[in-house]
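Engineer: Note that the protein sequences, when read in sequence, are chains A and B.
The first sequence begins at 1 in the working numbering and counts up one residue at a time.
The second sequence begins at 1 in the working numbering and counts up one residue at a time.
Just so you know, the hints here were simulated from the structure itself, not pulled from any lab data.
Cβ atoms here follow ideal geometry from the backbone N, Cα and C, with glycine treated the same way.
Among the hints, a few may not be true.
[Claimed, not checked] Quick list of simulated restraints, FRET-style, between CB atoms:
#1 A/A266 / B/W75: 50 to 60 Å
#2 B/I64 / A/S177: 51 to 61 Å
#3 A/P85 / B/S8: 45 to 55 Å
#4 B/D79 / A/A293: 18 to 28 Å
#5 B/W75 / A/L19: 28 to 38 Å
#6 A/G288 / B/H160: 23 to 33 Å
#7 B/P118 / A/I181: 31 to 41 Å
#8 A/G16 / B/T272: 14 to 24 Å
#9 B/S8 / A/I181: 49 to 59 Å
#10 B/D79 / A/R310: 54 to 64 Å
#11 A/S24 / B/S8: 52 to 62 Å
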Amino acid sequence: MSAARERATTLALSVGFLLYIESSAYLQDLGTLVIVYALLALGMYLPLALCGSLSLAYNAYAAIGAYVVAIFSRSAPDLLMLAVPVAILISMVTAALLGFVTRRLSGFHLAVATMMFGIAVHTWLLNTDAVTGGATGIGDIQTPVVFGWTPDRSSLIGLGVMLVWLIATAIAGLRGSLVGIAMRAQRESELAAAASGVPTAALRILALAAGSAIATLAGMVLALVNHFVLPDSFTIKLVFLVLFMPVLGGLATPWGAVLGALVVVAFTFGFDFFQGPGGLTFGLLTLGVLLVAPAGLLGGLAALGLRLRRGFAAARVPKGAR
Amino acid sequence: MELSLLVSCIETGAFYGLVGLGYFLFLRATGVVNFAMGAYVMFAGVAYASFSENPTTSLGLAIICAVSAAVLFAWITEDGILRPMALRVHDEFGAVMAIVALMFVIEQLASLAFGARPLLGRELIEGTAVIGGLAIDFQDLLAVAVTMAIFAVVAIWLKHGRYGRMLRAVGDNEHAARSLGLPVRRVRLVAVLVTGLICGVAGLLAAPQAALSFQSHLSFAILGFIALVLGGVGTPWAPLVGGMLVSAIESASARYIGGFARDYVLLALALTVFSLRPEGLFTIRVRA
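Chain A extracted, bound-state conformation (with noise of 0.2 Å):
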């Protein structure tokens, strides 16, 4: 599919996804876990598909989004668009720095170093009542003024899925372009990419920085569109979640990675059936996927349709010609 018919496609079918969710408040509800899913794995996506680093602390880069917004709106609600540049930043310095130090060891070391990340800060969350409000969180975050118009709960939503689209569109874009091939040059064999002057370990600092400050947009628009912040959302169960939703997804274009989102909000209605046997189904499929069909549903669906093109084309060649 070329970049402009994907780009219009998508456009499409996100718009038809805000009118669908628009009918009821509950749609509406599943419709902003769609929309923090899909963040949250889109940033996981970045430097996961492009450079082959698996960080495993976006439940902490999305409390740090949450939680600066709720912050902010607690203590300086004049200033609370500042909330956004401001709990990036710390998202991205925290990414970057957790890379730099593992950045000449392997994909483990980074996996356990996030990991370890994201678990401290769910504990910091949980028992620094004075600036997090403890167990209990922070409620009553107020509605951003932008430029003087306040936005209700339905453009919020709205906002969140035009920035899922753009965000999506930006990383296939980036894939494409030099600096995305570079990553994935670098991701295929290392060696051969630095001997050709790629500077791998900041390409993949760089990689990971960014993908978390696209989970830092996904704590924001969680906090924003509820109201409140609660520690327990932002456990580690939130990362395994997250994990499987570009492997599901198909990890050959960022849009797999929302499609994951959808498929898990769709199969779970939200976080309860993943307690019983729903997190085992998709532990397991997500294994599934990554042994037999390492393309994922999308690839499934794009090797269907080649397929389905070739046999129409096989028919109507005449049989003489064969």
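Position chain B against the provided structure of chain A, taking the given hints into account.
Structural biologist: Chain B in isolation, oriented as in the chain A frame:
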């Protein structure tokens, strides 16, 4: 530091060391840092605790079930996941993803099979010894003794045993070992099964010490990994040294800073080791 604190510190260190030894063997055999290992330990521990909760169940049966579960998971990891995957993808991140997914699957299996409630296992042997005015449970002595015995056996096996020596060859250079005609696949499998066995025993020893739940595996995986990184891969004893160090730092921080700081101290420790000495205290030099 009080003596009783020292005893518990040594015992915890022995446990972390045991998990670190599991990491060590698995890494040498497959080149994969298997942090699903914490989940093997947790599953064996929770299974043992759950079976032994019923006073009529024989301990022997509970032990066999728990340890074989850990060995089974290790076997599935190698033959069901890592080897088939290595045939189709060559980059590392597929293995990292699969290991994380597997870790989650085992966690969910444990919560489905044994419930979410933390379970405390029955002591393997009862009674208390008094040494120099200090009362120590036989269970604690047993845990430390079994750990030391496992380390000694593994060290001797790697040095003199048939498969142990082949494992060192495979770990140093898999391609060279293959071209020399070593049965790489079988050597890997043997090492992986031994890893499962060690994890099973570690789970048995941990279950009577503290109540375990299906979520305990994360801290096992993390602490065992730090023990391995801190110790290095130079000798099979390195994870034990690393485990003792981690345990000492953990209990010192709990005593002087407070128990809440555990996660922060461990994070700081891991980041310090990663940035200053990621190769660990004991290293090996191998011509590639």
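Engineer: All hints are to be evaluated individually against the structure, with a verdict given for each.
Structural biologist: Consistency of the hints with the structure:
1. A/A266 / B/W75: 50 to 60 Å: violated (35 Å)
2. B/I64 / A/S177: 51 to 61 Å: Roughly 57 Å apart at Cβ, these two residues keep to the hinted range, so it holds.
3. A/P85 / B/S8: 45 to 55 Å: holds (47 Å)
4. B/D79 / A/A293: 18 to 28 Å: holds (20 Å)
5. B/W75 / A/L19: 28 to 38 Å: violated (51 Å)
6. A/G288 / B/H160: 23 to 33 Å: Check failed, 42 Å falls outside 23 to 33 Å.
7. B/P118 / A/I181: 31 to 41 Å: violated (50 Å)
8. A/G16 / B/T272: 14 to 24 Å: violated (51 Å)
9. B/S8 / A/I181: 49 to 59 Å: holds (54 Å)
10. B/D79 / A/R310: 54 to 64 Å: Once the Cβ atoms are compared, 36 Å apart, the range 54 to 64 Å for A/R310 and B/D79 is violated.
11. A/S24 / B/S8: 52 to 62 Å: Since A/S24 and B/S8 have Cβ atoms about 56 Å apart, the given range 52 to 62 Å holds.
The structure fails to meet hints 1, 5, 6, 7, 8, 10 from the earlier list, while all remaining hints are met.
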